[in-house]
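S.K.: Its first residue numbered 0, the sequence shown is counted upward by one per residue in numbering that gives the first Met the number 0.
For the record, the hints were derived by calculation from the structure and aren't laboratory data.
Fair warning: there could be bad hints in the mix.
To be verified - Pair by pair, the computed Cβ-Cβ distance ranges are:
1) D77 - A188: 29 to 39 Å
2) E195 - R235: 11 to 21 Å
3) R58 - G83: 28 to 38 Å
4) H207 - Q60: 21 to 31 Å
All residues carry an ideal CB built from backbone N, CA and C; glycine is no exception.
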Amino acid sequence: MTDNSADSALVLFSGGQDSTTCLAWALTHFARVETVGFDYGQRHRVELDARGRILGAIRTQFPAWAERLGEDHMLTLDVLKQIGGSALTDATKIEMGRDGLPTSFVPGRNVLFLTSAAALGYRRGIADLVGGMCETDFSGYPDCREKTVVATAEALTLALDRRVTVHTPLMYIDKGATWALAEELGGTALIDLIVEETVTCYEGDRTHRHDWGYGCGACPACDLRAKGYARYAAAR
Numbered sequence: 000m001t002d003n004s005a006d007s008a009l010v011l012f013s014g015g016q017d018s019t020t021c022l023a024w025a026l027t028h029f030a031r032v033e034t035v036g037f038d039y040g041q042r043h044r045v046e047l048d049a050r051g052r053i054l055g056a057i058r059t060q061f062p063a064w065a066e067r068l069g070e071d072h073m074l075t076l077d078v079l080k081q082i083g084g085s086a087l088t089d090a091t092k093i094e095m096g097r098d099g100l101p102t103s104f105v106p107g108r109n110v111l112f113l114t115s116a117a118a119l120g121y122r123r124g125i126a127d128l129v130g131g132m133c134e135t136d137f138s139g140y141p142d143c144r145e146k147t148v149v150a151t152a153e154a155l156t157l158a159l160d161r162r163v164t165v166h167t168p169l170m171y172i173d174k175g176a177t178w179a180l181a182e183e184l185g186g187t188a189l190i191d192l193i194v195e196e197t198v199t200c201y202e203g204d205r206t207h208r209h210d211w212g213y214g215c216g217a218c219p220a221c222d223l224r225a226k227g228y229a230r231y232a233a234a235r
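Work the whole structure out from these sequences, hints included.
M.R.: Here is the structure:
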């Protein structure tokens, strides 16, 4: 096990708007921050390319954060692709399913992410995880709810025989407030970075540029991001 400071955090970092905001939050609250991404066969895997660009920009454009930003990790979780059945892993239309959830729902994804991150954190000497789960502005995924996150953290605490804490700074704020939080944490420089480099679109569209960033403009993720930006811009 690596002997890291107790004041360290591991951020679940996808390369999207929410996880980038959470990374900024962690960099202001912890002395050392590492990141972990997950390759699970997602169709919008351009987000994995965005991760490197965002981390590189933080190291060059945010000196105070750069000295706190530690190692980045990438874990392969292609079991989610093998299970399939989701519009995020298969060539399936994004729509509302018969079970009342959108077809973009990947069953167990966040639980698997947290479990994998906690295991990595165990080896790295890090017990504080940071994730962008939110149950205010979201697509209805049950594994984004606070109850799910808290229960998972408790199970991991038992399984690893040490306290695992999951911080979810976006849990009860909407996307407009998420934009505002990013500005509060990193100013217009962070807003510009989120607009230009982060990938939220489920289609992975990097050809259509909007005020709020790149995306198809039609998928649920783009819809939430666009509406949130409109509220944020109107309140400025």
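S.K.: Against each hint, give a clear statement of whether it holds in the structure.
M.R.: Quick rundown of the hints versus the structure:
no.	hint	result
1	D77 - A188: 29 to 39 Å	holds (35 Å)
2	E195 - R235: 11 to 21 Å	holds (18 Å)
3	R58 - G83: 28 to 38 Å	holds (37 Å)
4	H207 - Q60: 21 to 31 Å	holds (25 Å)
No hint from the list above goes unmet by this structure.
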